[in-house]
Structures are given as structure tokens and as C-alpha cells.
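Protein chains: 2
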Amino acid sequence: MAYDSIAAQIDKCKAKWIDRLAESVAIRSVSPSAEHRQEVFRMIDWTEKLMTSLGIVCQKIENPLGTETMSDGTTLPLPPILFGTLGTDKNKRTLLVYGHLDVQPAAFEDGWNTEPFQLIEKDGKLFGRGSTDDKGPVLGWLNVIETMQGLGIDMPINIKFVFEGMEECGSDGLDECLEQRKDFLSGVDFVCISDNYWLGKQKPCITYGLRGLSPFAIEISGPNQDLHSGVYGGTIHEPMNDLCWLLSQLTDTKANILIKNIDKMVAKLTEEERNTYTKIDFDLNGFKKDVGVEKLTSEDPKQILMRRWREPALSIHGIEGAFSGKGFKTVIPSKVTGKFSIRIVPDMVPEEVDKIVVDFVSEVWKGRGSPNKMKILPLGGTLAWLGDFKQPHFQAGVKAIKKVYGVEPDFTREGGSIPVTLTFQNLTGKSVMLLPMGASDDMAHSQNEKLNVTNYVNGMKMFAAYIFECAKI
Amino acid sequence: MAYDSIAAQIDKCKAKWIDRLAESVAIRSVSPSAEHRQEVFRMIDWTEKLMTSLGIVCQKIENPLGTETMSDGTTLPLPPILFGTLGTDKNKRTLLVYGHLDVQPAAFEDGWNTEPFQLIEKDGKLFGRGSTDDKGPVLGWLNVIETMQGLGIDMPINIKFVFEGMEECGSDGLDECLEQRKDFLSGVDFVCISDNYWLGKQKPCITYGLRGLSPFAIEISGPNQDLHSGVYGGTIHEPMNDLCWLLSQLTDTKANILIKNIDKMVAKLTEEERNTYTKIDFDLNGFKKDVGVEKLTSEDPKQILMRRWREPALSIHGIEGAFSGKGFKTVIPSKVTGKFSIRIVPDMVPEEVDKIVVDFVSEVWKGRGSPNKMKILPLGGTLAWLGDFKQPHFQAGVKAIKKVYGVEPDFTREGGSIPVTLTFQNLTGKSVMLLPMGASDDMAHSQNEKLNVTNYVNGMKMFAAYIFECAKI
Numbered sequence: 006m007a008y009d010s011i012a013a014q015i016d017k018c019k020a021k022w023i024d025r026l027a028e029s030v031a032i033r034s035v036s037p038s039a040e041h042r043q044e045v046f047r048m049i050d051w052t053e054k055l056m057t058s059l060g061i062v063c064q065k066i067e068n069p070l071g072t073e074t075m076s077d078g079t080t081l082p083l084p085p086i087l088f089g090t091l092g093t094d095k096n097k098r099t100l101l102v103y104g105h106l107d108v109q110p111a112a113f114e115d116g117w118n119t120e121p122f123q124l125i126e127k128d129g130k131l132f133g134r135g136s137t138d139d140k141g142p143v144l145g146w147l148n149v150i151e152t153m154q155g156l157g158i159d160m161p162i163n164i165k166f167v168f169e170g171m172e173e174c175g176s177d178g179l180d181e182c183l184e185q186r187k188d189f190l191s192g193v194d195f196v197c198i199s200d201n202y203w204l205g206k207q208k209p210c211i212t213y214g215l216r217g218l219s220p221f222a223i224e225i226s227g228p229n230q231d232l233h234s235g236v237y238g239g240t241i242h243e244p245m246n247d248l249c250w251l252l253s254q255l256t257d258t259k260a261n262i263l264i265k266n267i268d269k270m271v272a273k274l275t276e277e278e279r280n281t282y283t284k285i286d287f288d289l290n291g292f293k294k295d296v297g298v299e300k301l302t303s304e305d306p307k308q309i310l311m312r313r314w315r316e317p318a319l320s321i322h323g324i325e326g327a328f329s330g331k332g333f334k335t336v337i338p339s340k341v342t343g344k345f346s347i348r349i350v351p352d353m354v355p356e357e358v359d360k361i362v363v364d365f366v367s368e369v370w371k372g373r374g375s376p377n378k379m380k381i382l383p384l385g386g387t388l389a390w391l392g393d394f395k396q397p398h399f400q401a402g403v404k405a406i407k408k409v410y411g412v413e414p415d416f417t418r419e420g421g422s423i424p425v426t427l428t429f430q431n432l433t434g435k436s437v438m439l440l441p442m443g444a445s446d447d448m449a450h451s452q453n454e455k456l457n458v459t460n461y462v463n464g465m466k467m468f469a470a471y472i473f474e475c476a477k478i
Numbered sequence: 006m007a008y009d010s011i012a013a014q015i016d017k018c019k020a021k022w023i024d025r026l027a028e029s030v031a032i033r034s035v036s037p038s039a040e041h042r043q044e045v046f047r048m049i050d051w052t053e054k055l056m057t058s059l060g061i062v063c064q065k066i067e068n069p070l071g072t073e074t075m076s077d078g079t080t081l082p083l084p085p086i087l088f089g090t091l092g093t094d095k096n097k098r099t100l101l102v103y104g105h106l107d108v109q110p111a112a113f114e115d116g117w118n119t120e121p122f123q124l125i126e127k128d129g130k131l132f133g134r135g136s137t138d139d140k141g142p143v144l145g146w147l148n149v150i151e152t153m154q155g156l157g158i159d160m161p162i163n164i165k166f167v168f169e170g171m172e173e174c175g176s177d178g179l180d181e182c183l184e185q186r187k188d189f190l191s192g193v194d195f196v197c198i199s200d201n202y203w204l205g206k207q208k209p210c211i212t213y214g215l216r217g218l219s220p221f222a223i224e225i226s227g228p229n230q231d232l233h234s235g236v237y238g239g240t241i242h243e244p245m246n247d248l249c250w251l252l253s254q255l256t257d258t259k260a261n262i263l264i265k266n267i268d269k270m271v272a273k274l275t276e277e278e279r280n281t282y283t284k285i286d287f288d289l290n291g292f293k294k295d296v297g298v299e300k301l302t303s304e305d306p307k308q309i310l311m312r313r314w315r316e317p318a319l320s321i322h323g324i325e326g327a328f329s330g331k332g333f334k335t336v337i338p339s340k341v342t343g344k345f346s347i348r349i350v351p352d353m354v355p356e357e358v359d360k361i362v363v364d365f366v367s368e369v370w371k372g373r374g375s376p377n378k379m380k381i382l383p384l385g386g387t388l389a390w391l392g393d394f395k396q397p398h399f400q401a402g403v404k405a406i407k408k409v410y411g412v413e414p415d416f417t418r419e420g421g422s423i424p425v426t427l428t429f430q431n432l433t434g435k436s437v438m439l440l441p442m443g444a445s446d447d448m449a450h451s452q453n454e455k456l457n458v459t460n461y462v463n464g465m466k467m468f469a470a471y472i473f474e475c476a477k478i
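These protein sequence lines are chains A and B, in that order. The working numbering numbers the first residue of the first sequence as 6 and each following residue consecutively. The working numbering numbers the first residue of the second sequence as 6 and each following residue consecutively.
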């Protein structure tokens, strides 16, 4: 059987797949960092070359937004979007695969145990920035195609690819590009995205929901430049003190959002939805142990899943403009910018979220009575996404997982955001499914990001099995 | 007259003094930064060489503390303290001059208009890190000695020097070194320190008081590593939210400290002291304009001087461990450290301040009810200093200033801290005077630090005149 020989060949070539992932991890395609932007371009070129070698017809589409203006006024070029087409047989179904080639910032000094841009294999884990998010899954698809070609097995479907390089910044220009190139999306029957994670470490899952993201910056400025705290302390209204206070007004100790009317926007929980949570295999203690905390905001596993999947959450990410180094600096920072974001859920709409956040922060700020200048900047939100897991397309995923792992997957949602999911659903009008490769402890966006060797290898087999299932729908 | 020929020669050699300052500014002797620590050593060697060439007998005293342990557990060597002796004539008075050779961190990216470690002359101003704090004044003394030697004028006093390289970190090891080497201090008649600034931009002053400093760090830790805010947002208690809240509890909008009993430690204002404030030439609007704010914490110039000089102030300097870059990163930081300090005044005692701050923060934290771990760390405080400006030594300073500037200086205090002032007063039992070279807008510790060419040149003349006045006491 075709699948079995593919699976055997994938196992056999394991070292090659790991070397390929190492090569891609070494390209520091950190999209949020100005100094690494050119590496994103390089990563796209590298991938195009690999795809072309597999007979995938590639097109680099210039980013419709052209450049990005940074907060300091400088501009940066935006990377192109990489389109690929493998097969145009009208008698075959067409799958669209999305992935991203950029990664989050990472530095050894942040607390990594190894150099983040060097893939290190240890205890069956492949440590490196981008290993699981999202270079591993992207290469997984290409590795499967190479394997099938090597074995002379005919591809039973057409596959189109959309790979971008700005996902970690909010996919700048991608929506516009896809809007402009609807022709590329025509004829697509299913969309599959592998850019999320299992709920746990053992059991695979299929994901049908994502939270959206509403990012914000609060900028507080006072004196025209940083001041000596000895000379000026006590005489001026310090922006940093205002900012800490203002940020402290957004949530309570239990991580509840204090912004008025946020809760009214959240979809009511139906009985049917409530029941889905009782069936899910979720190890609350394992979850706690992985993050290293003794206490969560609830001790009920169902509540925790709901807080991750169907409730909004607000996180303060950091402050720009204050002293952030080691050691001590007796400075009064003159202008500080607090960065926070709200993960939004059905039925929240980013524009409405922006409005109530701006209104709330402005009102709270008025109550502060500080003469400093405050600006609250909504940075462009993205909607949550909710798919329908009863569709045949999702069942193709279920069968693929059963074939590789021998278990029935859970249907899960994710707390994170992949805004393009919704774009693909809207533009194709077809079913979008998230088929994760990595495990829950992969630590995307964090120190020591990794992908298990087994997840990488079995993930490829799952992709192969899924390709055959798609052909049968 | 000796003074007049010295003054003329100082003017004539202006370019040489500026070149010398440029050379010293180019040495990145940033003591608070681990990566630049070796440059502090280099700056000390450079100064020793210059002093030796002037016939000053130098001794590099090994730092008694040996090494410093950084917050990440690594250790750094501490620079030696540089002692110098010029003349040992028992029939002459002996002046001790103190200065420091290290500087605050600086980077072009912080908002400097020019490269901070390259001295740039523009509009009569010498821009560069350390130009005014404290390389300009240190070189001022040495330039005067060189000038007098060049003119064949006999030095009417003995001069001893203590130059250190850890002032910007809290003078690590200096007190211990001076304690151990009391022999070096014996025979000293007066101590002069030029490491502060005029009250305004036009009128010179002599300074008789300084605030002390009590620095603190609040460390809040939750999960064992940084987390993805999508995956984990809403389920855990975020350390950053706790820290912002805790920092917001320390002051109110008007920069009043909310820590209980702090105010009870402050010396009562006497009628005599109150009167000194009415005589001082202080331009409140100029002060506002320089810092670029429309509103201060008081509109009364006397109140503002009191807030700078005789009242405590609390500043939040920044947060370590959160995202501090440009752009956006959807991270939940796992461990964040807030750095703040209190400028302390008579009669506050650092050990007592530490205790009430620790007690207050601990009590407030208990009320928060967060399961995260909080540590409040006092980082070693230093007392305020108050000298007696009625002493003849201060009158020598007055006469020197009258000779150079033709005006009677104001007697001022400073909001900043030079802990060693008190050490010298205690160890010598003699009068310590602060004789500033730079102007109020020199922006020490900030972007675009500068020293006016006129302040540099006239400051040298003032040092020369002061040397002759000391000989007459």
C-alpha cells in the first residue's frame, strides 16, 4: 500500500529531515526585529528553491503594503508572499496548505539553554527557534512530497501553497495579497494549516477554533528627554509611574479583564458547547507542571479550557523606553510605551473592542489627573475563528490521525491566533482545518522552543495519510 | 599676577583641553554594564598615565571587594581606586580632590542626536557621555596643574587625588578602601568634589547638601519560563500584571510617596532653613522649559527647591525581564524585576528606610492575593549629606567664583547623591565642599549629555583661583 511505503521511507530518511530543519532554523527570520528583516527574505528564497526542486511552480508576490513604518518613524521593506502550485489536474481535489517562514525573536541571553538559531537534538527533542512554529510543519509538507516523488507514487490531489514571512507581526499584507489574487484561491476545495499544537503531550487533536488578537500600545510622555532621578525626582510627574498605574487598571489579580462591557461581547455558552468540554482528555496537573505553577485561575479543567478557548484574556507584554537591562540605572524615563493585548473570542469584533478599550483607558486616565500626555493606540485586531468539525474534511483528518497514531483525536480550540484562518475561510468559502504537528509543551514564542522528533516524523506520516483521505472526499 | 597668567594660558590652550576630553569620552567606561567593565579599567590606566606625566605620584589600590556578583550569578572584577599625591610640603595646606572616571550607560538608539562616545562640539557645547559627569571636571583639575607647571608657577598647596571607577553603580569598594587607607587621608585639610551642577545656566553656585539613595528591586516570578499569551492567557496569574500593580502602589499622581511612615523620618523645616530658600536665584520657568513640561508638582519655586533638596522622592526606573524592544511580542514574561529608588534626605537612615519599604511592599503584596512569588530586595542605601557653608573653606570657594565670574554664588543643595561626600567628611573630619563645573542643563545620566565650553574653561580658572584661596586659609 502506498501509505505504508511512504511511512517507511519517512522513517528511513529521518536524519535528512532533521538536517533540513536545522538549515532553516539557522536562518534568523525574526520578522518583528528590524535588524533581521532581511533574513526573512532569505528564508523565503531558501524555501522557494526547495519547492522549485520538487517541481512546485512558485511565484513570489510582492507585498501589497510595500513597507512597514516602525514606531520610531523608520520604514522597513515587507517580505513577499510565496505562492506554490503542485499539479493542476481538474479531476483531482485541490488542497491549500498555509504556513509561515518567520519566527519570534530569540536570544541565548533570554534564558535559552542552547543557542536558539542552532537546532540541537537532545532526548528526542529538536530545540531551536522556529522548530515547531512553524518551520517544522512547513518542511513536513515538502518532505512528504519529496518522499512520494522518490517512491514514484502519484500525488492523488493538487496542492497549492501560501507561505508568508510576517505572521509573527500580524501577517502584514497577507489579507490584501489574497484579496488581490483570488484567482489563485479559486478551485481550492480544502484548506489545511499546521501552525498550532496538541492539547497535551501524548494525544493528537484537530483544531476548529482560534482566539483573535487585539494588540494595543499605551504611550505616556512627560519631559522632553530622560532625566536624572536625583536632580529631578519629586518635581515632575513621572511617566513610568503613570504607566504602571494605568496598566494596573486593566485586570484584577485573577486575570479578569476590568475593561467595562468586554464581557457583554462574549458569545453565551450553550448546553451543546458545554458538553464538548466534558469529553476532552485534558491533564490539568500536567498542564500546571509544564508551566511550573501551583495555582491556575481555576482548578476546574473545563473552566481552564474555556478560559483558553472561549474567553478573552489580557496580557501585559512589556514596556518600551524604560531601563530594562540588568543592573541599576537611576533614570526617570521621559517616554514609556506599555504593550498589551487582548485575546478575543466569538462574538467580539476588533473594531468594537478597540473602541471600548480606548474609551475605558481614556476615562481611567482622566481620573488619574496627570499632566503627562497619554496616547492609547489600537494596533489592528484580528477576529476569532470557529470552524465546523462535523464537515467531511475534518473526518479526513480524523482518519489520517487514526492511521498514524491509532487513536481518535480530540476536537479542540486554541487560545492563540492565526488570523489568516478566517481569511481563507472567507475567501475560499471552503472548510479550513487546523492539523497540528507539535505537542503542548513545544514552547512556541518562549525560551527553548522545540519539536519532538516523533512529532516531526509522525506529523509527516499524518500529512501523507491526510492527502490520501482528501482525495476520497 | 599668577592667576591672570594662568587664566590667559587656559584660554590659549582651549583646543588641547577639548581634545583631551574627547580622548577620555571615547573610552566607554560604563560601569553598570558588564560588557564595558574592562573599559573602566582602561580609563583608570589612561588617567594614571596622564597624572604621572604631571609628576603626580600614583597608586592603584586594588578594590577591597574584589568582584561584584551580578543578578544572573556571574561575577565581574571591580576596578581599582586611583590615589594620587602632588606635593608633600608640610608647610602647605593639603587639598583632597575626588572625581570619578566611570559613566552611565548610553547608546545612540536611546535618542541621542550624536554618537555618545564621540565628543562633538556644537554651538559652544561639548556633547558626549561623561563630558560633564565626571570626566570634564576631573580633567579640569589636571589641566590646571599642567598649566601652572608650564608657566613655572609654584603650586601653593599639596593636592591629593582619589579617582574611582564605580560611582555610577554606588561606589562599590570605595568606602572600604578609604577606611583601610586612612593614612592617605591624614593631613588633608579640605576636600573638594566637582561632580554636580549649577542650579541654573548662568550663575555659579557652591553646594552644601546632597540627597542619599535607597535603591530597590521587586522580583515577581510565576511560570518557569516565558509563555505564549495565546495559549496561556487567562489561565495563569501573570507576573507582569502583578508587578505593574505593585509598582503603582508606591506613589500617587503628584509624586507623593505612599509608603507609610516615610514622611515621619524627614527633618522638620526650621524658620532659618526656610529663609535660605527665599534668597536663591531659581528660574522656575526656565527649569520647566529645560525639561519640557508645562506643569511641575508645585508652582512655587521654593517648594520645588525643597522637593529637590530636602524631601524624599521615588522614581520607577524600569522593568527587567519583560519585552522592552520596539514592535510587539505576544509573550507572557515569566519573571519580571521592577527597579525603583528613593532619594533620601536628613534624617532618613538607609537601614530604616529599607525596613519600612520591605514591610510596606510585603503588606501590600499580601493584600493582592496572587499565587506568584514576590521578593523585595533593598540594594544598599546611602545617607544624605549636609555640610556647613559658614566655614572658611566655603568662603575660599566664594572668592574663587567672584574672581572668575564676578558674582556672589548661591549656596545650594542637590537632589542627587554622591555618597562618598559623607565618607570623606567622616574620615577626614574636615570640611567637604562641592564646587560644580557644569550647568543645570548638562543632562547627566540622560541623552545628549554635554558640557559647555565656557563652563569647562572657566571651571578650570575657578579651580586655579580656588587653589590659591585654599593656600590662604
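Heads up, some of the hints might be wrong.
Identical copies look the same in the list; a pair holds intra-copy or inter-copy alike.
[Unchecked claim] EDC-like mimics (lysine to aspartate or glutamate), calculated; alpha carbons at most 16 Å apart, straight line: (1) Lys206 <-> Asp446; (2) Lys65 <-> Glu181; (3) Lys378 <-> Glu299; (4) Lys331 <-> Glu40.
Keep in mind that the hints were calculated from the coordinates and are not lab data.
Item checked: Identical-chain pair category, Lys378 with Glu299, by Cα at 16 Å -> The answer is between: 11 Å across copies meets 16 Å, while 40 Å in one copy does not.
Check: Given identical chains, is Lys331 near Glu40, meaning Cα to Cα at most 16 Å, within a copy, between copies, both, or neither?
Finding: Close across copies (11 Å), not inside one copy (22 Å); limit 16 Å.
Item checked: Copy assignment of Lys206 with Asp446, given that the CA separation must stay at most 16 Å -> within (7 Å within a copy, 59 Å between copies)
Checklist line | Intra/inter-copy verdict for Lys65 and Glu181 if alpha-carbon distance must be at most 16 Å | finding: within (15 Å within a copy, 66 Å between copies)
Checked against the numbered hints above, the structure violates none of them.
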